[in-house]
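J.: Here are the chains, one letter per residue:
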Amino acid sequence: MAEELKLFRTWSSPYSLRVVHALKIKGLEYETIFEDLSSKSASLLQYNPVNKKVPVLVHNGKAICESLVILEYIDETWKQCPLLPRDPYEKAKARFWAKFGDEKLSSSIWNVLISQGKEQEEAIAAAVQNLKLIEEQLQEKKFFGGEKIGYLDIAFGWTANLISILEEIIDLKLVDEEKLPLLSAWMQNFSDDPVIKQCWPPRDKLVVKFQAMRESNLKTVLSQ
Amino acid sequence: MEEVKLYGFGPSPFSYRVIWALKLKGVKYEYIEENLPMKSPKLLQHNPVHKKVPVLVHGGKPISESLVILEYIEETWPENPLLPKDAHEKAMARFWIRFAEDKYPTLNTFFRTVGQDQQLAIKEALKVLQILEDQALGNNKFFNGNTVGLVDITFGWLAFWFDCIEETAGAKIIKSNNLPRLHEWIKNFKQIPVIQENLPSRDKLLAYLKTKREKILSRIFIPNGH
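Here the protein sequences come in this chain order: H and L. The first sequence: position 169 = 169 (our numbering), numbered continuously. Position in the second sequence (first residue = 1) + 224 = our numbering.
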């Protein structure tokens, strides 16, 4: 039976990008449906009635939602180029750090984007602390997955793209080559990978988008 | 057989998730009760990032975060499976587990609030519970189907802790007439021997929650309190 794979995504969603990365690494053919979140399609609402969000992967008519859940589904369904470690303990560590990335790390990075002055200095210190913890997980490996890109690299992938955009917007360095050498190297290696490289959303559009987010959040704080 | 230890805390529903999973699989383990808010050196050594319970230590290797621990247990001890075999059904189970995690604060806000704020919080909690009733549970006896699974274990706190939280906060949210299937699930879940035999003392939990709520209220009513 011919496999039918569809991915509902937006042009900029880093969570959607995770699924793109996984599908491409596994060499899978799929159809892309770009959503406009201000006007969600009937299909998206049908496939993800609970959260109404992207990404959604539809495989032979069945929907899977939540990017990390989708990654695990892809890894279990297509066995080539395994993404998660085989060993249950290593798998548990990967899931733990992916969660950390989505919760503590991403909110600390967000705080840097939407703050200024003294508050921003404190936000940067907190974010760098979290980035140091991530760096410790790399040890001397090229990727979190070892020699090849794996689940945790894909889970952290947004940092390789969005942190440099944040740095450009706030005109400050967050991932300093001297202070975070391993993470710096990983970001370069990840971004340079031929599969990953072709998937990045247009950088100038991302800068505009995040600049606007920063401005509207700063305005909100000032008007309180 | 490698040694299994569980660091937990009596009132914590998250610790019980792990206890239930281990017991359902017949895994022998040593339980160490943490005297929170004081944290033992072992706990800090095993979970330096979050410094929280529960922590499972298997053959000396620590795993933290209750939902990560549940998946680890499922993979390490495959007897009495708690996740569906089918990849899509498994993905649905994981979706609901994430939903449980994301919505946990929303379901608890009414405990931290009073008056108008509490009324609003109750409304929001009801919306989430309605989704559980209609979309997660449907017509099944358990979230996992005919037998309990990880999704039931994840929502297990609703079957015991929630009504203690309701009582302490002076609210009744899950009733037999507004959420009949969820209400029935609570009854069925508590009747499972492993669950029935592994619940905290209701009196101790109520006392713990009473103190917690008093602290929260004192912060609300003293504008410059800290």
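Calculated directly from the structure, the hints in this document are not laboratory data. Computed from a predicted model, the values in this text were never measured in an experiment. Just so it is clear, CB atoms sit at the ideal spot from N, CA and C, and this is done for glycine as well. Heads up, a few of these hints could be off.
[Unchecked claim] A short, non-exhaustive set of chain H residues, derived as facing chain L with CB atoms under 7 Å:
# : residue
1 : 96
2 : 114
3 : 146
[What the hints assert, rightly or not] Lysine-lysine pairs mimicking BS3-like chemistry, simulated, CA-CA at most 27 Å apart:
# : chain 1 : residue 1 : chain 2 : residue 2
4 : H       : 99        : L       : 229
5 : H       : 62        : H       : 52
6 : H       : 104       : L       : 285
7 : L       : 365       : H       : 62
[What the hints assert, rightly or not] Calculated from the model, a selection of chain H residues having no Cβ within reach of chain L, i.e. all distances over 10 Å:
#  : residue
8  : 51
9  : 76
10 : 122
11 : 195
J.: Indicate, hint by hint, whether the structure satisfies it.
T.: Verification of the supplied hints:
The beta carbon of residue 96 of chain H is positioned within 7 Å of a beta carbon in chain L (closest approach about 5 Å), and the interface hint is therefore held. The interface hint given for residue 114 of chain H is violated, since its Cβ lies 20 Å from the closest Cβ of chain L, which is over the 7 Å cut-off. Hint status for residue 146 of chain H relative to chain L: violated, with the closest Cβ pair at about 18 Å, above 7 Å. This hinted pair checks out: residue 99 of chain H and residue 229 of chain L have alpha carbons roughly 23 Å apart, not beyond 27 Å.
A C-alpha spacing of about 15 Å is found between residue 62 of chain H and residue 52 of chain H, which places the hinted pair at or below 27 Å, so the restraint holds. Distance check on the hinted pair: residue 104 of chain H and residue 285 of chain L sit about 23 Å apart at the alpha-carbon level, within 27 Å; holds. In summary, the hint linking residue 365 of chain L to residue 62 of chain H is supported, as the alpha carbons are separated by about 23 Å, within the 27 Å threshold. With a minimum CB-CB distance of about 8 Å to chain L, residue 51 of chain H fails to clear the 10 Å threshold, and the non-interface call is violated.
Against the 10 Å criterion, residue 76 of chain H falls within the reach of chain L, whose nearest CB is about 5 Å from its own CB. Non-interface call for residue 122 of chain H relative to chain L: holds, since the shortest CB-CB distance, roughly 19 Å, exceeds 10 Å. For residue 195 of chain H, the requirement that its beta carbon stay farther than 10 Å from each beta carbon of chain L is met, with the minimum near 23 Å.
Hint check: violations occur at hints 2, 3, 8, 9; the rest are consistent with the structure.
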